[in-house]
Every structure is written in C-alpha cells, then in structure tokens.
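Colleague: All chains, full assembly: derive it from the sequences and hints.
So the chains spell out like this:
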Amino acid sequence: MAPNQQPDNVAGMLNENLNENLKQFQAVFKNCADIHYRQFELKTGQQGVLIYLSGMVDTDAIDLDMTRQLIESCMTENSTSAEDSARLTENLQHTIQSKLGFTSQVNWNDDFYSSVEQILSGDYALLLDGMAQVLTINAKGLETRAIEEPATEAVIRGPRDGFQESISTNMSLIRRRLMTAQLKMEMVTIGRLTKTEIAITYLEGNAGEDLIAEVKKRIGRIQIDAILESCNIEELIEDNSLSPFPQVMVTERPDKVVGNLLEGRVGIIIDNTPFVIVVPGTFFQMLQSPEDYYQRYIIASAIRLLRLLSVVSSLLLPSLYIALTTYHHEMIPTMLLISIASSRETVPFPAVVEALVMEVAFEGLREAGVRLPRPVGQAVSIVGALVIGQAAVAAGIVSSPLVIVISMTGIASFLFPSFQLGLAFRLLRFPMMIAAATFGLYGILMLLLFMLLHMLSLQSFGTPYMTPLAPFSRGAIKDVITRANRRLMLKQGPHPSKDRS
Amino acid sequence: MDIISRHQLLAISIIYQIGTTIIFGFAAGAGKDSWLAVLISTILGTTVVSIYVSITELNPGLTYIECYPKQFGKWLGTPLAWLHPLLFIYIAGRIVADIHSLVPSTILPGTPPWAILIVFMVVITYGLFLGLRTMGRLAELMLPILGIIFAVEVILIISSGVLDVDNLKPMLDKGWDRIWKVVWPLGIIQSYGESLALALVWTSVKPKGKVPRTMLLSTVMAGIFIAFTDAMAVSAFGEEIFKRATYPMYALVQAISVADFITQLDATGVLYFCFMAFLKTFIYLFATVRSLQKLTYTKNYRIYILPVVIIAFVLGLTMAPNVIEHIAVVEKVVPYSPIYLSLMLFIPIILMLVSWIRKKNAS
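Going down the list, the protein sequences come from chains A and B.
Number 169 in our numbering belongs to position 169 of the first sequence; there are no gaps in the numbering.
Number 18 in our numbering belongs to position 18 of the second sequence; there are no gaps in the numbering.
Hints listed in this document are in silico derivations from the structure and should not be mistaken for laboratory results.
Heads up, a few of these hints could be off.
Calculated cross-link-like contacts (lysine to any residue; reagent style SDA-like; alpha-carbon spacing at most 25 Å) [said to hold, decoys possible]: (1) B:Lys206 with A:Leu469; (2) B:Lys210 with A:Leu469; (3) A:Lys478 with B:Met142; (4) B:Lys206 with A:Asp210; (5) A:Lys478 with B:Gly161; (6) B:Lys208 with A:Gly475; (7) A:Lys140 with A:Gly122.
Modeller: This is the structure:
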C-alpha cells in the first residue's frame, strides 16, 4: 500500500499485544463490510482472532473449532513463557500444514502490510495474543461459474470447454491438454489497485527465447492502476497503436491457445476475464478457426477459401458496387445493367449516399442486437428486416440490388473467426466506399495498396503481420490459404518464423 | 533495416521489368515479328543486366552510385554519379506522365488529372516512408495474384475467340532489318537498361551472392512474358492495328467477350497497369533518394522523400502536353539520346572494365 494512503493510527508494525494488532487491522479495513473478525479463546485463556474476507475464502476449509483445537494441541500446559511462545510458532505452522493437508499454504508474516495483502488475496490471518507474527493460511475460495461453451467461438466438431473468469481454472484447462513440464506458466501481478494476476505461458523449446523475453519486458514495464480486461493489457503491449488491425490474438478457447503454444507462441492469461491473449498475432492466424483442424482437410481447405473470399467481399463488395454503378457501367453485363438501372430509377440519391446510409443502418442494427437484452433483440431484428429490407425499397429510398449487396457484405463479415479482425474490416469498408465514390476502381486500388502497405509494415513482437505469405515462408505456406493433410504438416518447424525480412 | 530477401528481389524485378509494357506493348515497330524482337532484346538485355550486376559484384559493399567516385576518382566520378539521380527522377516523371495520360482518358474521364496523380503520389510517399522492406513484401504478395489474374485473362481471351495464329505468319517476311531497328537501342534500353535503378536495391538483398542468378532469372522470365503478350496482341489484331494502337495491350483486354457476360474488362487492364507503374515509380524514386543519400553522405534518407516526390509529381503533370507527344518522345527521342545511351550502356561498360582491371592489379 502506498504510504500516502495509510490511516494515521496505523503504525505498520506488529507487536505482541493482540488488541493493538487488531486495532491496526480494523483501522486499515475501516468501512469494509466484507471483512470478518472471529475472536476465540483458547482453554489457556489466550485470546486469538481469525481475519478473513467473506466470499474470498473457502469457509469449509477452515473451521474455527478445528483451528482452536489445533493450536491447543501444540501447546504445553503453561505456555505463557517466551520460550514456549517461540516453540509454539514452530509447532503451529508444522501442525497446520500437515493437518489441513496439502491444499493450504501456510506462512508466518512479520510484516503488517504483507499480511494485509495476504488477507486481500483471500487468505485467513490468524493472530494470537503474545505473538508478534501473523499466520496466514491460503484457502482461496472464489465463486466461479461453470465451464461453458465459449459464446463467441462455437464449433461443430471440437472440444466445447471455454475459458472462464478464474485464472486457476483457465491454467488448468491448458495444463490438462499439455501434460508436460515444458509448459511454463509464470505469474506476474499487475495493477496497483486491482492486483490482477497474469500468467505468461509458453512451451519451453518451442517458443523463441527472445520472444519470451520481449513479452516479459513489455508486461514488466506496465504501470497502471487497474486491469479489467485483456484489452487493457493488449493496448499496453501491442506494437502499433495507430493501426485498426488487432496485433494480438484473443480467444476463449483452450484448444486454440494450446495449438498456438505448440506453434511457438506465447499466451497471456489474465485473471477475471475469459479472454486469453496470444502473441505474436498474425493476420492469417486470425483467419483460422480451430475447426479447420477438426474437419477433413479437403473440406477445411474449401472452407478456408470461402473465408478468404468473404474477407475480400466484406471489404470490397459495397465499394465495387459504387464504383461500377457510378463510373464503370460498361463492365456490368448489359442485362444486369438494365435491371440495376430500372430499380435505381426511383432512387433520388447517388449510389454512394444510398450505400453509406444502408451500411450505417446495418452496423447500427448489429450493434443494437449485441447490447439489447435477448427478447428485445429479436424485435430489433424484425424491425430491421422490415424497415431496411422491404419498406426502404418499396418507398424508393434505396434500390433492391443495393440491399442484396449490403446483406451479402453482412453475411461475409460474419465469417471472420476473429471478431476483432472483423471489426477492422467493418471499419475500413467506409473509407473504401468513399474512395470508390471519388475515384472509382482506381480509388479502390490505391486505397487497397495503401492498406496493404500498412499491413505489410506491421510487426507483432518481431513477427511480420502478413507472414507466411509476405515475407514468404515455404514451410508454413501449407497451412495458410488451404490446409494440407496432417501427414504433410508433421515436418513443419516451429512457427512463426523469426528474423525474416 | 531495409533488408529484402532473394524471393522479394525476384518479385520486384519481374514486376519492374514487365512494368508499363503491360499496356504500351513492346517493340511494336517490328510488327508481327515483335515477339522475336523481344526475345532478341532479352538475350542482349541479360548481358546489359549482367554488366550492372558485375559492377556491384566487383565493388563489394558499395552501391552502384558509389562505384563511380571510387573507380573514376573524385573529379570525374562524382559528377557522373550525380547524373544518375537526375536520370532516375526523369524516368519516374515519365511513368507518372503515363498515369497522367492513361487513367483520365480511359477509366476516369471526368476527373481532373492532378487529383488522380495526387492520390498516386500519396500512396508512393507512404511506401517510401515505410521503406524497401515493405515494398518487397508487397511485390512478393502481389506477384502470385497478378499471375492468377493474368492466367484468367489469357483463358478469357482465348475463349473469346479473337486470337488468330495466322496473323503471326509468315515470319520475317520483311527481313531482319526492322527487328534490329527496334532491338537497338529501344529494346535494350526499355526494361533492361532501366534495370539500372534496381542496382541500388541489390545492396539491400540478404543473403548476398544470389543477386546475379536472381536478376538473370527475372530478366528471362520478364522477356518471355512480354514476348508472349506481344504475340497474343499481334494474333488478335493483325500487324497493322497492333502497330498503330496507342495501347495495344489495353485493346487486348478490351477484346475479351465471353458469352456476352464477361465483357469490357478494360478497367482491370488499367488497374493492372497502375500497379505496375506504382511499383516502377517507387523503385525509381527509391533509387533517386538512395543515390542522393549516398552522394551527400546523409544518414537519414527520409528528408529527401518529400522533395523528390514533389518534383516527380510536377514533372509528370507538365512533361507532355498530350498522349501522342508523350509516347512519341518515349519511343523515338529518349532511347536515342546520348545521355540515356551513355549512362545505361557505355559508361557502365567502361566502369566494369576499370573495376575489373583494378581488381586484377590489386590481387
């Protein structure tokens, strides 16, 4: 705790008087309704107190009566003398450790503030009269929800467990898939107030030494009060904060994390969020779904090609429509041109205004669907379908080909396995439409080049963003556009490739 | 920092050497034998390229520009070296003028040319600031895509039924004369002599030692590609139209018509051209900036980017009053000008000999 936040009546020292110690704790935990003090008396008449935060500890693990008996069993008949007290501390720790089993970690704290921190992290603190030390017993018992199927990354075939908010559960979900000592998990605590636990996890030997060091360095230099979600960490460790593209991969799926650990990446598990960060993040990695590896490779390859097509169309479809109808009519087959022209006849706006209005409405609708409670959300989608689909066309505000284009774009943008990457493309669609409206296909090409240059210049933790396509890597290319058979991929070396231009 | 791989160099050189011929055609003066003229130019072109390569190989660690002061001494070498950035920026201006003349007249009739050029220059500037490495990756990424698009185009052209191989026959009915006329000096200067600007890229290639082979490979591949497209254009239009057309390759794409559904793909041809021009302009401006940096011993090359881009923009905007004059200058005046010929051919030969003799004497 920072010095300026100390209450005035706290000396910060432990002494042998129980009441004084207790007063200090009470001063620190003033107005904390969830702190509990359980006073008890040993049969020798010695006073003791158990201090804990309710909800943070497992109340079944430590029973007050049992604790009292334990302490008493360690005492000799007249234990008021100083030597007895010293022997008691020794015995007590030993007995508690052996009696409470291996689940609990028991510590003697000489320092007042470190014992306060132990209590805050979910330990029992045991104070005895006549001892200038605090015994802390780890019996963390946080309320957690059950392991459920991840909401954002569902699969047809594949494991159905997803991460949840507790870091220890999340760590175990990874560990039980990688039962090897090579799997390392290093704990760090970040956040001056939140004291959020963060585990840096990697497979020793698979992940490059310099990558691990870089991750530790970037996490180590974080100075912040609060970490509430993995995005807080993401923003603090990413390479280019001006880019719309996500540079780390975020996932709720343990199998996805394990797959990436095997490829030599580093995972960052953060307490209190089901989203685990995987670095370095590359573009094509974010276009992969774990299911690509759980379906037959021919099918999976076809799905990947479909996904690539949808990536391109979610970015370009509305702008191509604008460019073609505004500047390059001749490229549209005559019959199609006639039908487009006839449906655009009554529309009073230029194609770009029409498309922008519809796109904004569509994005608004989608956002509303996310935020609203389920029952209302359905009402929104009905209103959206009716208003945008039918009424707008019937009223002559927009043309029906445009509605088709917008809905195809919408479907395409749902195919992104990574929601974050999909968001980037949703955003870039708008400048693309404006480029198409001002310079036609030429504008689209130039903005596309600009965008590609940006993406190609991005690096995530030393790995080029567009690897393995550019810079080209022959070994890894088997698993990018399509997926080769497992037998062909067995020889694949650790990926991502480093030190490439 | 600006390191590119061998694969990236290959991609850059192929795109660069094919370059704007994708739309202007190559060696059209040779009529139906133009494809033969291209192949002969390619063979001679590889010698030219190997001269440039061997100069940089004989002076390890130095960029092409720095070889002049080293081999010819301060008083003769430095002025000669200074001619190069001027040449590069002039050619960059020529390519910008290509865009200036082609894009407004084909796909964007109503848009003011300066606006089109500003967009073009902004993207180039961004590329220059990001550096050669990013551009190498872009070339590497685009080459397979361009290859696929081209393959589709060829299939579409063939299925449109416009090709007539008889147009290519009889071979050499007008003799070798007109072939030599286009091969020397236009065929050698265009594409191959212009590879001089690539010489400033070679020092950035890692691993070293693969540059000569990569350059020869790209030169031969670009030559075969150009010969193929030339042959295709002649067999589609016949000799007379091919010779007269301003943009024969553009017309070739225009000729695509499959089942009345896929028609009028000319805009894609222009886009193709824009990308090629983009990469070529980038390399020229990069070469300009790099030479200026080396000649003025500046650490940070970025300070030259904006001035160089602005000069190229103004050059491109004002260089030619109209398309006809622009193309006439490119084909009839520029290749015969003594500056071009001496900087791209004669002086490099002397430089190579001097370097070679000095190296021999030293060892």
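Colleague: Hint by hint, note whether the structure agrees.
Modeller: Going down the list of hints, with the structure as the test:
1. Taking the CA atoms of Lys206 of chain B and Leu469 of chain A, the gap is about 18 Å. The hint holds against a cut of 25 Å.
2. Taking the CA atoms of Lys210 of chain B and Leu469 of chain A, the gap is about 21 Å. The hint holds against a cut of 25 Å.
3. A threshold of 25 Å between alpha carbons decides the hint, and for Lys478 of chain A with Met142 of chain B the separation of about 18 Å falls inside it, so the pair holds.
4. Among the hinted pairs, Lys206 of chain B with Asp210 of chain A is consistent with the structure: their alpha-carbon atoms are about 22 Å apart, no more than 25 Å.
5. Distance restraint check for Lys478 of chain A and Gly161 of chain B: the Cα-Cα separation of roughly 37 Å exceeds the 25 Å cut-off, and the hinted pair is therefore not satisfied.
6. A hinted pair counts as satisfied when its Cα atoms are at most 25 Å apart, and Lys208 of chain B with Gly475 of chain A qualifies at roughly 22 Å.
7. A threshold of 25 Å between alpha carbons decides the hint, and for Lys140 of chain A with Gly122 of chain A the separation of about 5 Å falls inside it, so the pair holds.
Violated hint: 5 only; the structure is consistent with all others.
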